[in-house]
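Given next are the chains, with one letter for each unit.
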Amino acid sequence: QKEVEQNSGPLSVPEGAIASLNCTYSDRVSQSFFWYRQYSGKSPELIMSIYSNGDKEDGRFTAQLNKASQYVSLLIRDSQPSDSATYLCAVDSGYALNFGKGTSLLVTP
Amino acid sequence: EAQVTQNPRYLITVTGKKLTVTCSQNMNHEYMSWYRQDPGLGLRQIYYSMNVEVTDKGDVPEGYKVSRKEKRNFPLILESPSPNQTSLYFCASSSTRVNEQFFGPGTRLTVL
Numbered sequence: 001q002k003e004v005e006q007n008s009g010p011l012s013v014p015e016g017a018i019a020s021l022n023c024t025y026s027d028r029v030s031q032s033f034f035w036y037r038q039y040s041g042k043s044p045e046l047i048m049s050i051y052s053n054g055d056k057e058d059g060r061f062t063a064q065l066n067k068a069s070q071y072v073s074l075l076i077r078d079s080q081p082s083d084s085a086t087y088l089c090a091v092d093s094g095y096a097l098n099f100g101k102g103t104s105l106l107v108t109p
Numbered sequence: 001e002a003q004v005t006q007n008p009r010y011l012i013t014v015t016g017k018k019l020t021v022t023c024s025q026n027m028n029h030e031y032m033s034w035y036r037q038d039p040g041l042g043l044r045q046i047y048y049s050m051n052v053e054v055t056d057k058g059d060v061p062e063g064y065k066v067s068r069k070e071k072r073n074f075p076l077i078l079e080s081p082s083p084n085q086t087s088l089y090f091c092a093s094s095s096t097r098v099n100e101q102f103f104g105p106g107t108r109l110t111v112l
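Chains as they are written, first to last, in this note's numbering: chain R, 1 to 109; chain S, 1 to 112.
Hints in this document: simulated from the structure, not taken from any laboratory. Treat the hints loosely; a few may be bogus.
[What the hints assert, rightly or not] Across the chosen pairs, the derived CB separations fall in these ranges:
1) S:LYS57 - R:LEU106: 14 to 24 angstroms
2) S:ASN84 - R:GLY41: 16 to 26 angstroms
3) S:SER80 - R:ARG60: 39 to 49 angstroms
4) S:ASP59 - R:ASP55: 29 to 39 angstroms
[Unchecked claim] List time: in silico DMTMM-like cross-link candidates among lysine to aspartate or glutamate, alpha-carbon distance up to 25 angstroms:
5) R:LYS56 - R:ASP83
6) R:LYS42 - R:ASP78
7) R:LYS2 - S:GLU100
8) R:LYS67 - S:GLU100
9) R:LYS56 - S:GLU100
10) R:LYS2 - S:GLU62
11) S:LYS71 - R:ASP83
12) S:LYS57 - R:GLU3
13) S:LYS57 - R:GLU5
14) S:LYS18 - S:ASP56
15) R:LYS67 - R:GLU5
16) R:LYS42 - S:GLU1
17) S:LYS17 - S:GLU79
18) S:LYS57 - S:GLU70
19) R:LYS2 - S:ASP38
20) S:LYS69 - S:GLU79
21) R:LYS101 - S:GLU1
22) R:LYS56 - R:GLU3
23) R:LYS42 - R:ASP27
24) R:LYS2 - S:ASP59
25) S:LYS65 - S:ASP38
26) S:LYS65 - S:GLU53
27) R:LYS2 - S:GLU70
28) S:LYS57 - R:GLU45
29) R:LYS101 - S:ASP56
30) R:LYS67 - R:GLU15
31) S:LYS71 - S:GLU53
32) R:LYS101 - R:GLU45
33) R:LYS101 - S:ASP38
34) S:LYS71 - S:GLU1
35) R:LYS42 - S:ASP59
36) S:LYS57 - R:ASP27
37) R:LYS56 - R:ASP27
38) S:LYS71 - S:GLU100
39) R:LYS42 - S:GLU53
40) R:LYS101 - S:GLU53
Here the structure is a predicted model, which is why all the values come from computation and not from measurement. Cβ atoms here follow ideal geometry from the backbone N, Cα and C, with glycine treated the same way.
Between the sequences and the hints, there should be enough to build the whole structure, so can you do that?
So this is what it looks like as structure tokens:
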């Protein structure tokens, strides 16, 4: 079974702080990694994709990938209350995306 | 506007009454997929389709059927729904299997 693990949280950070979300995966041959944001009752929305080791930055978001450690993370700088949501890590497993169960993030004003 | 649409958005039905949830995308994507999302279990893939007339089982296919007769449409069929199929269902599409998937708005199904 190809697993994607995330801490369920909730992760609580104050407004303006950096939120750090982590994800580990079991399938060593995975090549594509994604972070989705999901507000309660809504559909997942893609916010970042990363395919190579290292960092990828997009605005306030930075994705980090370490294939040797089978670890991918998402940093959210200058966190805003509107960032409060569940963040899903997804890993390509060949013919499907395997999703973690998500980390709930709460940004407090 | 590029989008994935699903209908209906909400459905309450009874055990055994066949139903179909439609999914349509206007992005000319080859890959389409159905997921269900349940509290504590996350998103689980039901079926996927690599292209027209090409479908395969995901992790939880029991009790579901799909078809892909046109590139844009990928309906999910529950021939005899049961209460354990009460869930939030999402359709998704992407240009290829490894690319970013775009999700529809979801269908909340309740089977009594």
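Now the hints, each set against the structure:
no., hint, in the structure
1, S:LYS57 - R:LEU106: 14 to 24 angstroms, "violated (37 angstroms)"
2, S:ASN84 - R:GLY41: 16 to 26 angstroms, "holds (21 angstroms)"
3, S:SER80 - R:ARG60: 39 to 49 angstroms, "holds (47 angstroms)"
4, S:ASP59 - R:ASP55: 29 to 39 angstroms, "holds (31 angstroms)"
5, R:LYS56 - R:ASP83, "holds (19 angstroms)"
6, R:LYS42 - R:ASP78, "holds (24 angstroms)"
7, R:LYS2 - S:GLU100, "holds (19 angstroms)"
8, R:LYS67 - S:GLU100, "holds (19 angstroms)"
9, R:LYS56 - S:GLU100, "holds (16 angstroms)"
10, R:LYS2 - S:GLU62, "holds (20 angstroms)"
11, S:LYS71 - R:ASP83, "violated (35 angstroms)"
12, S:LYS57 - R:GLU3, "holds (18 angstroms)"
13, S:LYS57 - R:GLU5, "holds (23 angstroms)"
14, S:LYS18 - S:ASP56, "holds (21 angstroms)"
15, R:LYS67 - R:GLU5, "holds (15 angstroms)"
16, R:LYS42 - S:GLU1, "holds (19 angstroms)"
17, S:LYS17 - S:GLU79, "holds (7 angstroms)"
18, S:LYS57 - S:GLU70, "holds (19 angstroms)"
19, R:LYS2 - S:ASP38, "holds (19 angstroms)"
20, S:LYS69 - S:GLU79, "holds (18 angstroms)"
21, R:LYS101 - S:GLU1, "violated (30 angstroms)"
22, R:LYS56 - R:GLU3, "holds (23 angstroms)"
23, R:LYS42 - R:ASP27, "violated (28 angstroms)"
24, R:LYS2 - S:ASP59, "holds (11 angstroms)"
25, S:LYS65 - S:ASP38, "holds (19 angstroms)"
26, S:LYS65 - S:GLU53, "holds (13 angstroms)"
27, R:LYS2 - S:GLU70, "violated (31 angstroms)"
28, S:LYS57 - R:GLU45, "holds (24 angstroms)"
29, R:LYS101 - S:ASP56, "holds (23 angstroms)"
30, R:LYS67 - R:GLU15, "violated (31 angstroms)"
31, S:LYS71 - S:GLU53, "holds (9 angstroms)"
32, R:LYS101 - R:GLU45, "holds (15 angstroms)"
33, R:LYS101 - S:ASP38, "holds (10 angstroms)"
34, S:LYS71 - S:GLU1, "holds (18 angstroms)"
35, R:LYS42 - S:ASP59, "holds (22 angstroms)"
36, S:LYS57 - R:ASP27, "holds (19 angstroms)"
37, R:LYS56 - R:ASP27, "holds (21 angstroms)"
38, S:LYS71 - S:GLU100, "holds (18 angstroms)"
39, R:LYS42 - S:GLU53, "violated (30 angstroms)"
40, R:LYS101 - S:GLU53, "violated (31 angstroms)"
The structure shown violates the earlier hints numbered 1, 11, 21, 23, 27, 30, 39, 40.
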